[in-house]
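Peer 1: These are the residues of each chain, in order.
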Amino acid sequence: DAKTTQPNSMESNEEEPVHLPCNHSTISGTDYIHWYRQLPSQGPEYVIHGLTSNVNNRMASLAIAEDRKSSTLILHRATLRDAAVYYCILLNFGNEKLTFGTGTRLTIIP
Amino acid sequence: EAQVTQNPRYLITVTGKKLTVTCSQNMNHEYMSWYRQDPGLGLRQIYYSMNVEVTDKGDVPEGYKVSRKEKRNFPLILESPSPNQTSLYFCASSPRGRNTQYFGPGTRLTVL
Chain A
1 DAKTTQPNSM
11 ESNEEEPVHL
21 PCNHSTISGT
31 DYIHWYRQLP
41 SQGPEYVIHG
51 LTSNVNNRMA
61 SLAIAEDRKS
71 STLILHRATL
81 RDAAVYYCIL
91 LNFGNEKLTF
101 GTGTRLTIIP
Chain B
1 EAQVTQNPRY
11 LITVTGKKLT
21 VTCSQNMNHE
31 YMSWYRQDPG
41 LGLRQIYYSM
51 NVEVTDKGDV
61 PEGYKVSRKE
71 KRNFPLILES
81 PSPNQTSLYF
91 CASSPRGRNT
101 QYFGPGTRLT
111 VL
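Order-wise, the sequence lines are chains A and B. Under our numbering, the residue at position 95 of the first sequence is numbered 95, and the numbers go up by one with no gaps. Under our numbering, the residue at position 64 of the second sequence is numbered 64, and the numbers go up by one with no gaps.
Just so you know, these hints were derived from the structure itself, not from any lab. One or more of the hints may lead you astray.
[Said to hold, decoys possible] Within a straight-line C-alpha distance of at most 27 Å, the following computed DSS-like cross-link-like pairs (lysine-lysine) qualify:
#1 LYS3(A) <-> LYS57(B)
#2 LYS97(A) <-> LYS69(B)
#3 LYS97(A) <-> LYS57(B)
#4 LYS97(A) <-> LYS71(B)
#5 LYS97(A) <-> LYS65(B)
With the sequences and hints as input, model every part of the structure.
Peer 2: Below is the structure:
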């Protein structure tokens, strides 16, 4: 499976935008970019996914580089409830298996 | 409410005493999976099932069994638990081809 690289941790102030980066230089043409997050004491939660174009949903936006070797998860206005570990995962279409790395631990400062 | 449920949520047991952790989903999903989460190792897949009566090994299947007799249920069985199976376990489900998995709340297992 192609690997992803994320910073171990990031901090952001409450009510400000947060940009969480992910590098995936060995991504294949059929790999989807998925983001999950895990809040304290909970199971992972789907956030967003995309293939080539930028994507928006009620939780976040996903910006994908033109060469697809990197992507950025954008939380437009961070709240304390967004404090979690965020995982960037590559998933080949039709393959359900999620391979979790260590993710980025996001701390929100009040 | 669409959800994945796991029982029990917490369990302390002793080495060798067979146990089953249940997982049930009410979303009619075909795909179900079990993960374990350990500090420093992240989440690793134990077993998965693409549909009823279809199961396969994940990355760390040793010491575990599963069954998928009904679409909604996917129990994880530890025939002879050992201390190295002390972990936090998560069940997940997804509809085929959607690649969006829904996770249960987790089961914290301690084997003494």
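Peer 1: Indicate, hint by hint, whether the structure satisfies it.
Peer 2: Against the structure, the hints:
no.	hint	in the structure
1	LYS3(A) <-> LYS57(B)	21 Å, holds
2	LYS97(A) <-> LYS69(B)	21 Å, holds
3	LYS97(A) <-> LYS57(B)	11 Å, holds
4	LYS97(A) <-> LYS71(B)	18 Å, holds
5	LYS97(A) <-> LYS65(B)	18 Å, holds
Consistency with the previously given hints is maintained throughout, with no hint failing.
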